[in-house]
Every structure is written in structure tokens, then in C-alpha cells.
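K.L.:
Chain by chain, the residues run as shown.
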Amino acid sequence: MDDQIRLRVTRYRPDKDREPTWQDYDVPLREEWTVLDALNHVKSDIDTTLAFRWSCRMGICGSCGMNVEGEPRLTCATFLSDYAPGPVRVEPLGNFPVARDLVVDIEDFMEKLPRVKPWIIRDEEQPVDDGEYLQTPEELDAYKQFSMCINCMLCYAACPVYGLDPDFVGPAAIALAERYDLDSRDQGARERLDVLIEHEGVYGCTFVGECTRVCPKHVDPAGAIQRYKLKAAQQSVKAFLLPRALR
Amino acid sequence: MSDLSYRRPISVWWWTRKRTYFLFVMRELSSLFIAWLVLYLLLLIRAVDRGPAAYADFLDRAASPWLVVLNVVAFGFVLLHTVTWFSLTPQAMVVSVRGRRVPGAAIIAGQYAGLVVVSAIVYWLVTR
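Residue numbers (our numbering), protein chains in the order written: chain A, 1 to 247; chain B, 1001 to 1128.
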């Protein structure tokens, strides 16, 4: 194995550059190093001006998502040696505006996420004295997969629908809506459906399936969206056929 | 965030950059060929309805090289359509039997079994 590998990194300094450019850095190629380790090496030893987001280094915080060789990845879970002999292209997450170097502007996602009300909604809160809401292992299994989302936004970077139509609510937000809908303690499905039944909601999705492919937590947002479509369609048919009292 | 952030343009050829995007666009395109084959089937039924001369005419036209090529291509797209949508079904549909989730492979196998049964019935209807 060569002892060096070249990183080809996107640079964008909003005060100086009109558009992003490439900058190459040669870093040690160590078997245990991830792309994030290499970027941290650049930051501490080669070029302190390089900007990128990271936090936990263990695939939990969802901060270090970038496009590595064109593929949205958590850089803390992407090993350099898999790209030997290099060079390795590291770009900011696709489909988001670039704020600086590898940092993207996530404002749009932050605005969309609360729209689907990803929290437990109750018609009536149970008094604290009555204890916690109990749940069986089966009830937990119903939504657990969708609760693994870490908001890393790789799915947004992979979704061509979101890229072409930024009004689309997007994979992670819909998967999280599904996570709460399937929760036996929740009673907010109707409120979420009102948001997701809109054109930019579930029906914006054309089932490319790329969100599911890139998800580092195996959440399967594409599955969640299709299941939501089925629910929304059933709801529409019911609304059309049944009198109000029976819905 | 400031207006200084850079919005990367998306090329109209975005779907050629990745195999999965390309397959997706081909799957979407396959709908046009499905529509064509439905139309073609209706034309066949109309020809049959109009009598032996019209039917012979239809067969004559069907043998023209450009129509054969079109239908071969259309058949290829129908196969792609069937295979891709069958394999996507378990993602969209959760089927439970006695409280246990049916594995995706079983749902896909069920669809192929259904296809075989329907094809056999059609074959029997046409050839009996």
C-alpha cells in the first residue's frame, strides 16, 4: 500500500470565490483512517482554513455527511483505503447550497423537519401520576427502523427530486413522520397527513429509491414514503366514499 | 444564511451520471412502452372484431421490420418494468400474516407466481 493518498477537496470562500474550486492535499494513507480523519489531519497539519462539519466520529451525530467520489457518505464511516490509490474527491453534500468549503446551508431542512410534526401528539395527555405510556416489543418494532434516523441529510443529497424541486418535503422528514405515525402512543397521524398529502409532500416522490441506498442507518425512507402514499390514497378513497361519521 | 452561499446548477444529464439514476429513468420511460403495447393490443382486438381480412392486414403490418423492432424494444422495456416494480413492492407494502411480517422475498415470489398463473390462463384461452 502506498503511504500517501491525494484528497481532492472542494474549496469555496464566499468572500473571495465566485464558484467552488478544487484543492489537492496529500495525506498519509493509513488503514484505520477515515475520510474525516484525513480532513482533520489537513485541518491541523496542512491548511487550517479548510472548513467542514463534524462532531462524534462514530456515525451518531449526522454532521459529517459529504459527497465522497460523488456518493453521499458519512465521512467518519468511509475509509480512505477503500479509495486507494486515489485521488479521493470530497465535495459538500449535493443538493444543498454551499456555505463555505465542505459546509452546506441546511436551513431548508431545518425548516421542513418541524412541518411534519415529528413528536408524539396526544389528543389528551395522560397525567404524570398515571405513569408512562406502555408499549409492547411488537409495538416498538413497528416504528423502530424509522427511529434510527440521525438527520444526516445524505438522503436529501441523493434525491434527484429534491435537487430538481426544492419544495419537496424530502425523504428523512417523511420517514420521521412515519416513525411517529406508527408509534402506538401517538395520535397525530391525521395532522401529519394534512401536510404530507400536499403536492410537495409524499406525491412529489417518484420512488427513485436512492435515499434508501445511501442511508447509513438503514432507515429506508423510500419505503416509508410509498407506505405513506398508500395510506394517503386509502384516506382519499374513504373521504370520497364514506359519510363523515364512519371515517 | 447569507446570499453568498453557492447553489450548484443541476445538469439536464444528471440521470446519466449514476447507474441507479439511469435505471430509474429507464423504469419511468418504460411506462410509455407499456402504453404502446396496450394500444397495440386494442388495435389487434379491433382487427379481430372486423373479420379475417382486417386480421390478415394487421398481421401483415405487424411483420414490417420497423414494427418488429419497436415491439422487441417495447418487450424489453416491459420486462424491465415488471422486474423493477415487482422488486420494489415489498418496500411499499407491508404484509402481515398472523401478526408476523411476510419477508420481502415471499411477496416478490408471490407476484411472479401470480404472473405465471395469469399467463397460463391467457395461454389456455388463446390456444384452446
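Careful, some of the hints might be misleading.
Said to hold, decoys possible - So the derived label-pair ranges between C-beta atoms look like this:
1) B:V1069 / A:C56: 31 to 39 angstroms
2) B:V1102 / A:I120: 43 to 51 angstroms
3) A:D167 / B:V1038: 51 to 59 angstroms
4) A:D167 / B:V1102: 51 to 59 angstroms
5) A:A84 / B:L1043: 26 to 34 angstroms
As the list claims (entries may be wrong) - Chain A regions said to be covered by chain B (calculated; three or more residues, Cβ under 8 angstroms):
6) 40 to 47
7) 77 to 88
8) 96 to 103
9) 218 to 229
Rather than coming from a laboratory, the hints here were simulated on the basis of the structure. All C-beta atoms in this analysis are idealised placements derived from N, C-alpha and C, irrespective of residue type, glycine included.
K.L.:
Now, for every hint given, state plainly whether the structure supports it.
P.N.:
Hints and how they fare:
1. B:V1069 / A:C56: 31 to 39 angstroms: violated (57 angstroms)
2. B:V1102 / A:I120: 43 to 51 angstroms: violated (29 angstroms)
3. A:D167 / B:V1038: 51 to 59 angstroms: violated (33 angstroms)
4. A:D167 / B:V1102: 51 to 59 angstroms: Since D167 (chain A) and V1102 (chain B) have Cβ atoms about 36 angstroms apart, the given range 51 to 59 angstroms is violated.
5. A:A84 / B:L1043: 26 to 34 angstroms: violated (58 angstroms)
6. 40 to 47: With 0 residues closer than 8 angstroms to chain B, the region 40 to 47 of chain A misses the three-residue bar; violated.
7. 77 to 88: violated (count 0)
8. 96 to 103: holds (count 3)
9. 218 to 229: holds (count 6)
The structure shown violates the earlier hints numbered 1, 2, 3, 4, 5, 6 and 7.
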